[in-house]
Each structure stands twice: as structure tokens, then as C-alpha cells.
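Enquirer: In case you want the letters, here they are:
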Amino acid sequence: MKLTEDDLYRTSTQFKHWSFTPSQLAAQRLQTNIQASERVKAAVQRQRAQRAKQLDPASASESDRNGTPVPLDREVNCLTVAEEKKLVDTFCEKAIELGGFFKFPIEVTATGIQFLRRFYLFNSPMTYEPQTISRSAMFVANKTEGHHMPLEKYAAGFPKATSEQVLAPEYLLVQALRFNFDIRHPFRALKGGHLDMIEMARGNAYTFASHILKTAALLTDAYFLYTPSQIWLSAHLLADELLTLFYLSTRLPPSSPLHSKTLTTLRSCAALLSSHHTFTSPTTSAADKAAKDKKEKEEVQLLIKKLRQCRDPDKLDLVKLNQAQKRDAVDGEGLEEKKAKRRKLEREGYQKEADSFWGPELPRRENGAGGK
Amino acid sequence: MSKAASRANGASTKRLAEDGDICPVCKSSRYLNPNMRFRVNPECYHRMCESCVDRIFSHGPAACPIAGCKRTLRRARFREQTFEDLKVEREVDIRKRVARVMNKTESDFETLRDYNNYLETVEEITWNLILKIDLEATEKRLRLWEEAQKAEVESINSTVSRRLHTATDTVDPQSDTARVILKKSGVQRKALGPSSANTPEPGAMDTGLKDTGFTFAGLKKRVAPEPEKPFDPYGGWNIEPQYYTVMDDYDVDFISGAKTDVHHLAGGYDIRDFYSRALCEAFSGFGVFVEEEVIARENQASGDVGVGTQTAATVADGGKEVNMDDIF
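Each protein sequence line maps, in turn, to chains A and B.
Per my numbering, the very first residue in the first sequence carries number 1; after that it's consecutive.
Per my numbering, the very first residue in the second sequence carries number 1; after that it's consecutive.
So here's chain A without its partners, still in its complex pose (with noise of 0.2 Å):
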């Protein structure tokens, strides 16, 4: 029985659950999108059908001191699928920053990048908000990758997040990442394929080639739509093209059917990291690049504006949903009576069952060992 690489990769969850064409991938955003939009709308005009019952004896003015996002008589204006996946990658970037904050290894960040697509594959930036759900993805990962960082540490690096915040929304991540922790990534690929060329040529097309995977192929959708080795041989092509060229004809023979198909996957995806904003050709001036950035800056503060007005006011507080679906930890009424009631009375039958098993509770010693 025979194993060849492909086979190797097949068999991963990479591919057997996260890899999609293209045309899958944006119907997919546009279904989260659609949903995410009703279910906003929906939880909007029920507050407000709500909040209308409840101010109708009081004065109309009330509803300004409230400080509600959303004026009462207009439609909430939900964000647009390619805004959303503006905002998913302006929250990447910003992932790349933090990892270099804590100096994580590269593995960690980008596992963590990774795990943030492919949750809001699933979700809406409406839904849960990016920078909860990226604080938690980034403590995944470090977990996920074996660097150990201890949750106090973690959460200390930020100024505003307390523990519990980093948490809370952890199993609602991992739940949607269908619990498929494997995420191959390009980057010893890279290292191996370095290896088989160095005898070929020395030059610096690694150093570039590592840059684009740790920024342009973490940011852009080529974990889903390419295998990790295609990435890291697009990197390389962008790197150096004749010296990739050469490569790949000492692999796999110009003449073989599957060379030219190799070529064409491997150009579509190059193409598809030199179009993110962070890649820099050495062409382009420095001018140029600082002017891109500007601009780019300034479109995704107005996003963030938009997505403020367009939360889903049911998912604000994810550490109290959290709570609630944990235990009665909640006030009062976050719970029925009757269910918190019964769940008690379950526990205190539990407790009493397992005293009566281990035999009554041993009578405490006066003054320890010393106690004769």
C-alpha cells in the first residue's frame, strides 16, 4: 500500500472540510451575510416593539437619554458581504500586530489569522464583533501550536479585556471551527522546497517569499482555495520567477499533462497575493505604498463606524451568554425560577449522593499535627 504527498494531503481536515472554489466561497459569505443581516433586523424591530411598550406612558424624549445606536424610525443599514470581509481582513492585519506584540512565533499567528477566516466564513462581523472573536482565536492558537502562554499573561497584554472576556467566546469559536485544529501551513514547506533549491541558486527569494506567506497569504482567502504547497511555490514565483520555473520543470516534466495545470493554479494564485494591499513589488515607491496605506486606512474607520450602528444586540455581551449557558451563575433573571430552582435542588442531590458514597465528612483536627 501506497502513500504518495497528496494522498498525505487529502486526508487532511484542510482540505476535506476548508478548501472551497471560489464561487462556493463568495455564496457561502453571502448566505452569512443574508442571515446575519435578518437576524440583526429582526433582534432591531423587536427591541423597539419592546422598548415602544414600555416608554409609551413616558414622554418620547426618553428614547434619546437611552444613548440606542440606532434612531427609532429608521432601517438598520447592515454591512455588505465585501465589507464584511474588508473588516475580517483589516482584523487579520491587526492580528499580525498583536502576535508581534506578544512575539509569538509566526505558526501561532498565522494559525490564529487562519482560525478568525474561517470563523467568519460561518459568522458575521454583525453577529460577534472581530476583536473579541480575535483575542480568543489568538489563544486557541497558542494552544492549539503548544506555546505556552498562561491565560493571566495573555489577557494582562491587553489594556481593555479581562480573562473572562478572552474565554467566553472560546467554545463558540471552536464549535465553528467544527473542532478541526489542523491547519497546514506553507511555511516549513517553504523551508523543504528552500532546501531542494538551494543547490540550484542562492539568492534572497526566500526571505521574500517567507514575507508574502507571513502577510499577503495569511490575509487573503489562498488557504481555502489553494493547497499549502501550491501557496508557498506562488510565493516563491513572485520571489523568483525563472529560478521557480526552473524548479518546477525539474519536478515535473514540461512535457507531463499536469505541468501546465500546475502553472496555471500556481499564477491564480500568485495573482491573487500580489492583489492584497500588502504586497509590495520592488518596483513600487515608497510614495506610492504610503499613499495606498492612507487610503486604506481611512476606508476601514468608516467601517467600523458602520458596524457600531449595526450590531445584533443580542450577541453584545458574550461573556454573560456565555455564563448563562454554563450555570445559574446569572442574576435573578437570567434564568427561569422554576429551572434554577430545579437545578439546585439536582446539585444538592448530587453532593448528598456522593457524600453518602466516600462516607461522611472526617471531623476536622483541632491544630493540625499538633493537636495531642
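Quick caveat, the hints were computed from the structure, so don't treat them as lab data.
Since this is a predicted model, take the numbers as computed values, not measurements.
Any given hint might turn out to be false.
Claimed, not checked - Here are the simulated DSS-like cross-link-like pairs (lysine-lysine), alpha carbons at most 30 Å apart as the crow flies:
1) Lys259/B with Lys104/B
2) Lys214/A with Lys104/B
3) Lys86/A with Lys41/A
4) Lys143/A with Lys210/B
5) Lys295/A with Lys306/A
6) Lys229/B with Lys2/A
7) Lys294/A with Lys160/A
8) Lys320/A with Lys153/A
9) Lys103/A with Lys86/A
10) Lys41/A with Lys305/A
11) Lys140/B with Lys87/B
12) Lys259/B with Lys103/A
Given chain A, work out where chain B should sit, using these hints.
Expert: For chain B alone, coordinates are given in the frame of chain A:
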């Protein structure tokens, strides 16, 4: 006074002896010696107290002191009796002895009927021994059977060990350590030597000609167990690279440190593992064209109904079955 007393108490003494409180050899009673313990010898099953056993048999085998019994007993065989009734004690001993020799199980026979016939034979010879019918002939048959069984087991063991030896020899034909071990373990070789010399070759041995005491219809022949295959952690799978070949060494800056670093080497780190892993990752998925394969997968999934891949596909698709918001 004492004589008169003993004569007067004659009847009660006898009863006491029957009850087991007076030693039939030295006549001391439990009344005088509360720690007295009785022993029996499975040769004749006569009871006597421990001090008598020590006294009579401490200098080697001697005849049984009970009148009318002339069997030679050894001290080592004396033991405490388990059952009150000595007849039961004897029967249990006989059954134990027979069961040790006649130790076939149902799986050794072709049919249940054969097995039942075997059991019937076993019971018959057991009762022969208990009731002392045809004692000598039965004993002889039993002994023959035991020897035949032993020879059979030994021949199988020798084939297994021979197989083992040839296997190690082929692995390492001129290993010095193997020879040294053989030289040292002369005892072991001696033990092996005569047994292999005495027992004829398994092919040449013809049990039909020799008298084995018993013949049972439908008894399966013992076969040597299959040699154990070496453990394969991958279950027969192996990775055969399509696009690359791993070389023995690469001269690259970023790994030159790890090659000589004692921190890496102390733990048994082999840089070649890194080479093969990195190269495998470099080309895993090289020939996987996501767009095509995903579409093919979709088509297949929609083709066959109710298969796990379909649900997986819908999950990957983000179908409506998965509701991400309601956790419980």
C-alpha cells in the same frame, strides 16, 4: 494406679483415637499436648502426629509404623490433611493427578461427541485408580500417555526455537555477540542438546507406531504456532514520494547550527527527519487542485445518499443543519 486407670479407661481411649485426638503411633493425646497436629502421607493415608513424623522419618525413608502397612514413606511427602474423610482426600489426589495428565479441552477435538468420549475414558480410568481395579495396567497407560504428550510438546518447542535461531542468524549471520552468548550459556546449550537429540525430527516421528497408552478418535494434532510477524506501526502503509528525493545532507545556513548543536543532538534529534518532513510538506498537495477536486467531491456526495461524506459536505458547505448559535 496409672495402670489401673489406663485399663479402666481402655474403651474411652479407643473412642478418643477414633475421634482423632490420640496419635495411633505414640498414643499421646491432645489433652496433654494441645498443639498436636496430624499429618498424612498420600502413599498410604495413615494419620500420625507431627512429632512422630519427625522422630521416625528425620533420618530418611522408613516403613510406615502402622501395623500391617509396610510402605516406605518419606518425610517430605507428609502433609496436613484437607478433608476430614481420608477417602475423599485420596480421591481428590487421584483426580488431581489424572487431570494433570489428561488435560485436553473441547477445542482439541473435532466434534463434541469425541470430546465426550474422551471425558468418559478419563472418568473410567479415574474410577479404576480409586477403586484399585487394574491398577498396574492403568498406571502404565497413564505414564505412557504423559510421556507421549511431553514428547509432542517438546518437538513443537524445538521447531519454534529452531525457527527463532534461523531468524536471528539471517538477520545477523556473523554477529560476535551471538557467539559469545552461546559460549557463555553452556548450561542452556546442554539443556537443549540432549532434548533435540532424543526427540526425533517432527516429520520422522510417528506417533501411530509408538504405544501412547490411549488413542482418542477425533483428537486434533498439535501444531506449532505461527511465528509472530514484526510489528508494523503503519499497518502496511508507506509513504512513497512522487515529486522529490531526500538527499543525505543539505548545506544551508539556517540549519547548520542545529546540526552540531548539543542541545539538539542530546535528545536524539536527527536532522534527516527534518529534511524528509520539510520536503514532504513542500509537496503535499502539490498535485491537488482544490477547485476540481471539491467539485468532484460535491458531485459524488450528491450522488450517493445517506453516506457520511454527504453530511460532511453539507457541514463544510455550512448548510442549514448546523446552527451555530444554539450551543445546547
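Enquirer: Now, for every hint given, state plainly whether the structure supports it.
Expert: Each hint, compared with the structure:
1. With a CA separation close to 62 Å, the supplied pair lysine 259/B and lysine 104/B exceeds the 30 Å bound.
2. For the suggested pair lysine 214/A and lysine 104/B, the alpha carbons sit about 71 Å apart, so the restraint of at most 30 Å is broken.
3. For the hint pairing lysine 86/A with lysine 41/A, the CA-to-CA distance comes to about 22 Å; that is within 30 Å, so the pair holds.
4. Taking the CA atoms of lysine 143/A and lysine 210/B, the gap is about 73 Å. The hint is violated against a cut of 30 Å.
5. With a C-alpha separation of about 17 Å, the suggested pairing of lysine 295/A with lysine 306/A holds against the 30 Å cut-off.
6. Proximity of lysine 229/B to lysine 2/A is assessed by CA-CA distance (about 20 Å); at most 30 Å being required, the pair is judged to hold.
7. Pair hint lysine 294/A plus lysine 160/A holds up; C-alpha atoms about 27 Å apart against a cutoff of 30 Å.
8. Distance restraint check for lysine 320/A and lysine 153/A: the Cα-Cα separation of roughly 23 Å lies within the 30 Å cut-off, and the hinted pair is therefore satisfied.
9. About 26 Å separates the Cα atoms of lysine 103/A and lysine 86/A, which keeps this hinted pair within 30 Å; it holds.
10. The hinted pair formed by lysine 41/A and lysine 305/A meets the criterion: a straight-line CA distance of about 18 Å does not exceed 30 Å.
11. Between the alpha carbons of lysine 140/B and lysine 87/B the distance comes to roughly 23 Å, so the proposed pair stays at or under 30 Å and holds.
12. Distance hint between lysine 259/B and lysine 103/A is fulfilled; the C-alpha atoms sit about 26 Å from each other, no more than 30 Å.
Hints 1, 2, 4, counting from the list given before, are not met by this structure.
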